[in-house]
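Residues per chain are reported as follows:
Protein chains: 2
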Amino acid sequence: MNAFELYNPTKLVFGAGKVQQLGQLVKPYGTRILLVYGGGSIKRSGLYDEVMAQLQTIGATVHELSGIEPNPRLSTVNKGIAICREAKIEFVLAVGGGSVLDAAKAIAAGALYEGDVWDFTVQKAVIQAALPIGTVLTLAATGSEMNGNAVISDWDNKLKRGLGSKLVYPKFSILDPKLTFTVPQDQTVNGIVDIMSHVFEQYFTHTQDIPLQSRFAESVLLTVIDNGEKALANGSDYEARANLLLAGTYALNGTLPIGIVSDWATHGIEHEVSAIYDIAHGAGLAIIFPNWMKHVYKEGVERFVQFATRVWGIDPTGKTDDEIALAGIEATRAYFTRIGAPATLGELGIGGDQLDRMAEEAVRFGPIGSFKKLNKDDVKAILQSSL
Amino acid sequence: MNAFELYNPTKLVFGAGKVQQLGQLVKPYGTRILLVYGGGSIKRSGLYDEVMAQLQTIGATVHELSGIEPNPRLSTVNKGIAICREAKIEFVLAVGGGSVLDAAKAIAAGALYEGDVWDFTVQKAVIQAALPIGTVLTLAATGSEMNGNAVISDWDNKLKRGLGSKLVYPKFSILDPKLTFTVPQDQTVNGIVDIMSHVFEQYFTHTQDIPLQSRFAESVLLTVIDNGEKALANGSDYEARANLLLAGTYALNGTLPIGIVSDWATHGIEHEVSAIYDIAHGAGLAIIFPNWMKHVYKEGVERFVQFATRVWGIDPTGKTDDEIALAGIEATRAYFTRIGAPATLGELGIGGDQLDRMAEEAVRFGPIGSFKKLNKDDVKAILQSSL
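Which chain is which? The protein sequence lines are A and B, in order.
Quick note: the first sequence uses the numbering used here, first residue 279, plus one each step.
Quick note: the second sequence uses the numbering used here, first residue 279, plus one each step.
Next comes chain A alone, as it looks inside the complex:
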């Protein structure tokens, strides 16, 4: 195990009806609120009205930024920053899924920075201050509700980049499983894949002697695999939705990577695909991850054997390590297919004409990943096998 720091000050408020605590949770931070949300789903579900009623209980002045895209755009973030400055916003409240939360984080950091918020994504500047943020989550997927990370896209230049800081941890996040009952089937699928992919990035590591972290990661995977299918079978299954929501938070709240070297190459590759084609992040990950696994498993087959046996229950009897590892990778693909996720870029109408550009962009700062350091040729091979 390596040395590490663990610090996560977000307060998670979890359970049915917890939006009723929103007013009291926001109150300490001020009354000039920027409400950030996506499309009309929170209006159709009645959540918008409930949030506004809560903010009225504390006499808040609410400014709104709606229309956050599934891959939130720099231009939209900049609109939010302009509102914050003009209206002297004191608190940013994100109501929605991971994209909305990510946009809110970028807005909160950008509002107190004189330069271009994009600077934070290209290491031109470090976040020194941010407006406080709170969230009401409506989708189990990104883990953004309990971490200090965000991903935004510069659509004009077809770039998708991340920013991160302890200063943009949400002060609180309200997680009501009932708010996820109405999530459409395809978004539930993408969320499941996203959560599992977050775990994969922190599970396939060469760091030795990490029994607790390994088992925690396997715990999240086993919970998602089982409850994901239950949530897809019955969207209003409270317990399945609750377990999926909690697993999504733990997949990326800093618990899993303590003391280990994470990978994150597959996310890097997927970002290049969705930057150009604007596909759902989860769909891209479902396509690419098993191909990444096949490309890298020989670098540490014992880790993939553990994955196959503990997570997928592969019987090792009479099999070589390579066979066990490959059976685990096949089980991953089979699960993704069973829940309705795509297996090839072709299914999404994406051909091979941009492979070089994507591979080039993915390694623009040098090789990516750590389980196997991927150069441009590796990335291209993985994308090629994903067509």
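In case anyone wonders, no lab produced these hints; they're calculated from the structure.
Every value quoted in this text rests on a predicted model; they were computed, and no experiment measured them.
Check each hint, because a few of them may be wrong.
[Stated by the list, open to error] Straight-line alpha carbon distances no greater than 20 angstroms define the calculated EDC-like cross-link-like pairs of lysine to aspartate or glutamate that follow: (1) B:Lys508 / A:Glu392; (2) A:Lys449 / B:Glu283; (3) A:Lys508 / B:Glu283; (4) A:Lys366 / A:Glu328; (5) B:Lys658 / B:Glu577; (6) B:Lys449 / A:Glu283; (7) A:Lys456 / B:Glu283; (8) B:Lys305 / A:Glu283; (9) B:Lys289 / A:Glu392.
Add chain B to chain A, keeping to what the hints say.
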């Protein structure tokens, strides 16, 4: 799963040599420090000198309270409170095991309270303010390094009680596995039992649909069982000590009980024993816990079947649920015995003459526990079977 709140702002700084960051970690809180520690072990190990050197780098004025007992006493806590008031202490630094940390928490809360600090343990008052606390942990056991709880004893009246508040979470805790290399064998044993017992209290529950919490708890147990034996075989095994230390923290940092009803009856019973006989907490738990299990398992045998099969690898083939459950309980006792923990109160020279008094005290506020609500007769029966 039930509704819950999760909030833990302690910063964990984990790894070899991390005491070198102590000065910088304390600095934001002030320079008038109360250093709280136990016996001479931190002087013999050189840790005391290292801590003092770190505090000198920030020009701190250090007052000392040493001699914290294994079951920290109210009278000692009151000495610390007096120093805090007199010397206008700004920060309480605990260097030691769980008892030292618990004493520091009680001191930090008592210092800013006009009444008797004991009031917090008997619900006569609620903690409204506390001095900030930091810790350097030297023993894997209580989890006190990352929670807001403390247990202190009123030795004159033979009472042992807990206090708790979000205000006494340590601001930071430094966990260096190397600092635990020199922990004597019996204290390592007690720590292992203590950690496992914390998990048991949060594992045996009737709350349904808690797959993630269950697997997290099993992860901690499996890690402790394996690494506990390794640490006992070789006290300087860094990885074993590191895994044990991390497991101890996760056993009681608020991760395991989210959304479930915990039990804590066995801790309540053990507190009555160690309040009278001043035995090590871990020793008392090792004796009592398997007997509690036998007394209650029929209330929810399926939970004990899961425990037996997943944690102890009991083969269920051809066995009834009761047999599987009992095999898991026997495996627990066998493990405790294998690592050298006591199995009976008799081994510690404790007879049956105080059973009534202990049972009476344990249920003074009504029945205890939740897996099975224990009345005085239940507690007495469990103690009787522990003689």
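Looking at the structure, which of the earlier hints fail to hold? 1, 3, 4 and 9
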